[in-house]
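**Q** Protein chains in written order, with the working numbering: chain X, 1456 to 1801; chain E, 1456 to 1801; chain G, 1456 to 1801; chain Y, 1456 to 1801.
Derived by calculation from the structure, the hints in this document are not laboratory data. Note that the structure is predicted; figures quoted are calculated from it, not measured. Fair warning: there could be bad hints in the mix.
Identical copies go unnamed one by one, so any copy, or any two together, can satisfy a pair.
[What the hints assert, rightly or not] Here are the simulated PhoX-like pairs of lysine-lysine, each with C-alpha atoms no more than 25 Å apart in a straight line:
1) Lys-1620 <-> Lys-1767
2) Lys-1552 <-> Lys-1479
3) Lys-1663 <-> Lys-1761
4) Lys-1756 <-> Lys-1553
5) Lys-1486 <-> Lys-1474
6) Lys-1762 <-> Lys-1663
7) Lys-1756 <-> Lys-1552
4 protein chains.
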Amino acid sequence: MKALVYHGAGNKAWEEKPKPVILKPTDAIVKILKTTICGTDLHIMKGDLPEVADGRIIGHEGVGIVEETGSAVSNYKVGDHVIISCVTSCGKCENCKKGMYSHCADGGWILGYMIDGTQAEYVRIPHADNSLYPIPAGSDEEALVMLSDILPTGFECGVLNGQVKPGDTIAIIGAGPVGMAALLTSQFYTPAEIIVIDQDDNRLAVAKTFGATHIINSASENAVEQVMALTNGKGVDTAIEAVGLAATFELCEEIVAAGGHIANIGVHGKSATLHLETLWSKNITITTRLVDTVTTPMLFKTVISKKIEPKKLITHRFRLDQVIEAYDTFGNAAKEKALKVILTNE
Amino acid sequence: MKALVYHGAGNKAWEEKPKPVILKPTDAIVKILKTTICGTDLHIMKGDLPEVADGRIIGHEGVGIVEETGSAVSNYKVGDHVIISCVTSCGKCENCKKGMYSHCADGGWILGYMIDGTQAEYVRIPHADNSLYPIPAGSDEEALVMLSDILPTGFECGVLNGQVKPGDTIAIIGAGPVGMAALLTSQFYTPAEIIVIDQDDNRLAVAKTFGATHIINSASENAVEQVMALTNGKGVDTAIEAVGLAATFELCEEIVAAGGHIANIGVHGKSATLHLETLWSKNITITTRLVDTVTTPMLFKTVISKKIEPKKLITHRFRLDQVIEAYDTFGNAAKEKALKVILTNE
Amino acid sequence: MKALVYHGAGNKAWEEKPKPVILKPTDAIVKILKTTICGTDLHIMKGDLPEVADGRIIGHEGVGIVEETGSAVSNYKVGDHVIISCVTSCGKCENCKKGMYSHCADGGWILGYMIDGTQAEYVRIPHADNSLYPIPAGSDEEALVMLSDILPTGFECGVLNGQVKPGDTIAIIGAGPVGMAALLTSQFYTPAEIIVIDQDDNRLAVAKTFGATHIINSASENAVEQVMALTNGKGVDTAIEAVGLAATFELCEEIVAAGGHIANIGVHGKSATLHLETLWSKNITITTRLVDTVTTPMLFKTVISKKIEPKKLITHRFRLDQVIEAYDTFGNAAKEKALKVILTNE
Amino acid sequence: MKALVYHGAGNKAWEEKPKPVILKPTDAIVKILKTTICGTDLHIMKGDLPEVADGRIIGHEGVGIVEETGSAVSNYKVGDHVIISCVTSCGKCENCKKGMYSHCADGGWILGYMIDGTQAEYVRIPHADNSLYPIPAGSDEEALVMLSDILPTGFECGVLNGQVKPGDTIAIIGAGPVGMAALLTSQFYTPAEIIVIDQDDNRLAVAKTFGATHIINSASENAVEQVMALTNGKGVDTAIEAVGLAATFELCEEIVAAGGHIANIGVHGKSATLHLETLWSKNITITTRLVDTVTTPMLFKTVISKKIEPKKLITHRFRLDQVIEAYDTFGNAAKEKALKVILTNE
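Using the sequences provided together with the hints, build the complete structure.
**A** As structure tokens, then:
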């Protein structure tokens, strides 16, 4: 089969690889119908995650058709259409039993990272009964690709951890795909005001159409002053960090109200300064989280019932064999005005 | 009347002051029966809180007898014995209605700080209906002084915010009075293991008698290694910071397990380094809080029913007019083996 | 002044009464601008609540202007526009401190019931600081009348107690004003499916325009069968009872899914049969509640930010001196297609 | 092998049966070391559960040694000592993913009911990875038998659902084994007062030694009056029903305070009267639950750390082949002063 393969920092190829086979009774082989590229994949390709082996097939999102199942797989049969979760979970270790699938003893985020992933014609999914989700006939499968990673990430790490409530004023720092997913899913809880902060005017304009009530370009405006002006000097109930930099995290510290929440989504490579000298008495809550995908069934119901339209996030479409071109587009997201790119294997 | 008065960094005096009078219909005047000294009072006396005015009467803890009430006070009458809460709350502002009394629009921690306090023969208590708690006849009033500040502080900021659960393994960093209050009240939720970390062997020995299952002297042992050895390399479910230094906060970051909690109690003067490069994916929750004293009624019931014995925290007793001597003892806590000192006005 | 006065079962009159005066320092006198009629008022007028005294002025909803304040009122001054909460709360008793204002030791629902109410030119509001809410200049005051009772009742007793979540399937039994308030406010949490059940086709048609995804006329259809057909035989996540009859409560018992919630809003005069022989193992939660109005600040923000349009609930408008006519209209709600009637005093 | 077999109402025999074999890759065969008898087993033997087939091996509690594992079992290997949970859970159906194992699509309570159980020399455990719990070497296995059913049942259905908090006043109605389990585990949350109500003076005396602060014999005393006298007329924060009769459930309705909880544990054969005419406005919460055993890992930690001593519940010991005699003893619990009987297969 053909697959996108990582060959060290800066080197990738769309090349022939052996079709995956069942290794354990709980595995399934899935033929990819649609997949996408994540910001994390760009980091891998740059060599920022040196633990990724040369020869690894990248990608952790997608929908497909079950091609083969191990003897212990009972939730799925050959021919079923499925969503592939970015997180693999055994369902039976201590952490899975707590709903913390991201720290599964035999899973977590391994797909397209520690094991071969979804930017390929076929993929092996361990613990298939727990790591796949069924797609009913007639569903819009393009929309459902957003359930692999981006929607649960924005929702769990940003919205749920941030405890967004009706009437709240929230800020989302970073209007990339995950920030946008937080923006869309935060509206499940009906905040009164949603302030989106970014440095890209195009993304801010898109955020406005996705439900932001206020936008701030932090490259040209003083974001702290603007937020304080919008909140009568109180700050926001919840600040969602969707960038992954110390500066944006520290911005959250400055704009959170007493009693408020900072919900980190961003992948951070460096530490930040925690201003305990001001925050110690402010009754705030800071959370971090690697997405657990425990809310995928809940999110699925909101997509199927059209309470949310995740296709809004898709800006570009390619054939799977155009994946290199798709990386170029996604890698120049600002210039290309790209959010999510969809790759179709048909 | 006589009172302990702050006269700038390093200067305090037990001197004559005018007896307080009712200023608003919601005020009460309380005759002090017993009071105590808080670590924060030591900071004030050192000049660490320059916003405290020369001439201020210090102290924010105590029990007493209602001497006079304003026209709008209805919960108390002259002669009632009361606990004085360290936090003043109007009960009717936005924050009070959320239970965040510490950020009351007309209160919060002001006693012995922004207004005259309890290390005196009499004190004026604003919003008396909300800021006092009734003492039934026959109660042990010495024990109840611990409800003014130290027990709710350890409980709310440490135990509740840390979400301590039955069977958990927790660590308390700092075995001073507030850390001890967290130690005592954490046992309301029956954790399996309680690790107390300090640099004072005497305090650690006392912690053992108060319910610590493991003690670590971080001056002589590698606390991170010890905690990891005790937890099979997982870390603790909840780490409670009860010191107020960057180093102890950062220790919490190192020992918290995936999915765990860091509950800050300490008053911090400087920022700490937040290691987001490791914590971003660990599903942790960090909380800060200025005590709200919303749990005082709950804690009162646990004291009256003898589920907790706060008198354990009292190591020294003085007459109120010996307050200078009491400060000397409390200020040399390690040498004097002091936790809480009680001052009695009789 | 003029007021609507109850004179025993079946007798009411729009008649002259003394203008109310301040009785306690925490009172305020409010000039009524707009008020409305509640289903409970109809029950009082029929004599169903014999504890209501002859001569009582009825009504517990409205907006107005502060005319006079007692000496201890600090949140409001003469001339302020305010929402009058149906629940009076002192903010300082044990139950108020828990947020259970409905069981306030010196309040609860007393307005237009135990003390004179709002269907009058003026009303005395005890504990004004806690029982009124400020109206900013320029607000649509008609919409805000819905915050006195109906919106918090539907929201607190139905939606919050029913723990409605994104993606849920819920049923609301009863499409009267309070059921409609539950319908509108349930959408704050983005349920996937909202089934409304009633016996009045007009109300069901209105429910459809308010966001119901399915409607069932239980007079002509088998509601249990219909709900089971819509839910693949599972039943609903939350069943909200907004009628107040044993039959409708028992319908909830039949349609609730395993793990689901029955949230009672209805005022019941008789007991119901609780089918523990089937429910004991179904992991369900049943709640009852007299509205506490603790969510009024939250709901206010959703109204001001136009996340909800409560004016949809208003079907008829009268001058305050037409109150007898307004009762006739509201008392024939089905025929008149009435939900809420607004009475304006201008 | 030998096993206790049900042969219709009133007929049981200790007889030869085929040793169970692996039927699915997720099965394990466990050699029973210790088992016990549940009140439900008595009901089965009387014929109260007619769905139980003639020939069924009874019993759903026990500890044992893994004898054989299916190909997909990865958490356990031959020779491991394990606790057998009364609830079988696949870990991968919709309900298991919500933590509602009791309603597992391929499990729930089936052991000794729909499939052969544990009162035998060997038992087949479906979904072994999820339905067994590991026993470390050196553990007191007799105590751990209490983790199969009785401790999680009392804890989940009574204590957790009843939301017992520090300082609360709670009542437990029924001092049989499950009521006693609720009594022991409620103390994890440090209630101030625990009132136990039963009609058996011996059991009440035992309850006193297990931590009850007040006991009421409802055969000789007016339980409602007594509870109201003990609670200043307020009633209890939580009433736990551990009998399974309409009368005891309705007693809970009478003694629950405003804002309180009724947590049903009892298995009910008939409906009860729900007094909505008084309860509708009392802000109460009623819960039902079939034990999910999701708290077994948490409870295990409390047992291992000796925060609870479940062996207190064991009153009688037999060899497994004396099971008929053990049933006689347990069936005459009042006369024999029996709580739990342990059967050992050695």
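**Q** Each hint should be assessed against the structure and marked as holding or not.
**A** Verification of the supplied hints:
1. Lys-1620 <-> Lys-1767: Cα proximity of Lys-1620 and Lys-1767: in one copy and across copies (24 Å, 23 Å).
2. Lys-1552 <-> Lys-1479: both (21 Å within a copy, 22 Å between copies)
3. Lys-1663 <-> Lys-1761: Both, since 20 Å and 16 Å are each at most 25 Å.
4. Lys-1756 <-> Lys-1553: For Lys-1756 and Lys-1553, both the intra-copy (22 Å) and inter-copy (15 Å) Cα distances are at most 25 Å.
5. Lys-1486 <-> Lys-1474: Within. Shortest intra-copy distance 10 Å satisfies the 25 Å Cα cut-off; inter-copy 43 Å does not.
6. Lys-1762 <-> Lys-1663: both (18 Å within a copy, 16 Å between copies)
7. Lys-1756 <-> Lys-1552: This pair counts as both: shortest intra-copy Cα distance 23 Å, inter-copy 15 Å.
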